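Q: Quick mapping for you: the protein sequence lines, in order, are chains A and B.
Quick note on our numbering: the first sequence kicks off at 1 and runs consecutively.
Quick note on our numbering: the second sequence kicks off at 1001 and runs consecutively.
Hints were generated in silico from the structure; no laboratory data involved.
These numbers were taken from a predicted model, which means no experiment stands behind them.
The reader is advised that the hints may include incorrect statements.
To be verified - Once the Cα atoms are required to be at most 35 Å apart in a straight line, the calculated DSBU-like pairs of lysine-lysine come out as: (1) B:Lys1020 - A:Lys106; (2) B:Lys1066 - B:Lys1020; (3) B:Lys1014 - A:Lys49.
So the chains spell out like this:
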Amino acid sequence: AQSVTQPDIHITVSEGASLELRCNYSYGATPYLFWYVQSPGQGLQLLLKYFSGDTLVQGIKGFEAEFKRSQSSFNLRKPSVHWSDAAEYFCAVGEYQAGTALIFGKGTTLSVSS
Amino acid sequence: GAVVSQHPSRVICKSGTSVKIECRSLDFQATTMFWYRQFPKQSLMLMATSNEGSKATYEQGVEKDKFLINHASLTLSTLTVTSAHPEDSSFYICSASQGGGNQPQHFGDGTRLSIL
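Turn these sequences into a full structure, and let the hints steer you where they fit.
A: Spelled out as structure tokens, the structure:
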């Protein structure tokens, strides 16, 4: 079955510390992978996406993610977290074509302590 | 960049009322739009796929007579929650893609629906 797993429900990091959010997927076809961020009561903003090419992709706001096919993972990282990064983060997988919906993980809530 | 506008952002209404939510792609045409539902502290669950000029495709367990979807043009899809009840209270989010294999979905800001 197709699915996305985000093992960490809630993570707290200190401001300035590094961050890694985990994402594992199960997908029958070649996956098209995404990370979205959601602030409370808001919609989703795309951080980055990956389909092919360099397995380390850069996104907005200083985020990056690394695709590891052997581990079926697409972990999100940031070297230095800012207080404004506190939000809900969703990993998603879909097909590389228009007209197909995404499958989302349950999300990881990031809290940033000062 | 691609912008998806969703309106209204928040609705509070009485039980039995029908509520319409609009999803517009402002600067691109979207043959397909998607409607998701998100419960508090939960992930997004796909409700239906909205296709311009044809009937929507509903996910298993979603009542098509309860959640009416109309995709009247390449830039507008509407979701109408008919005879809404408190259990329909949720956060509804639409998304659209510009088309082409490398275009990600862009999401609206969501609609918080509260049924009293």
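Q: Take the hints in turn and mark each one as holding or not.
A: So, going through the hints one by one against the coordinates:
{"no.": "1", "hint": "B:Lys1020 - A:Lys106", "result": "holds (27 Å)"}
{"no.": "2", "hint": "B:Lys1066 - B:Lys1020", "result": "holds (12 Å)"}
{"no.": "3", "hint": "B:Lys1014 - A:Lys49", "result": "violated (41 Å)"}
Violated hint for the displayed structure: number 3, the only one.
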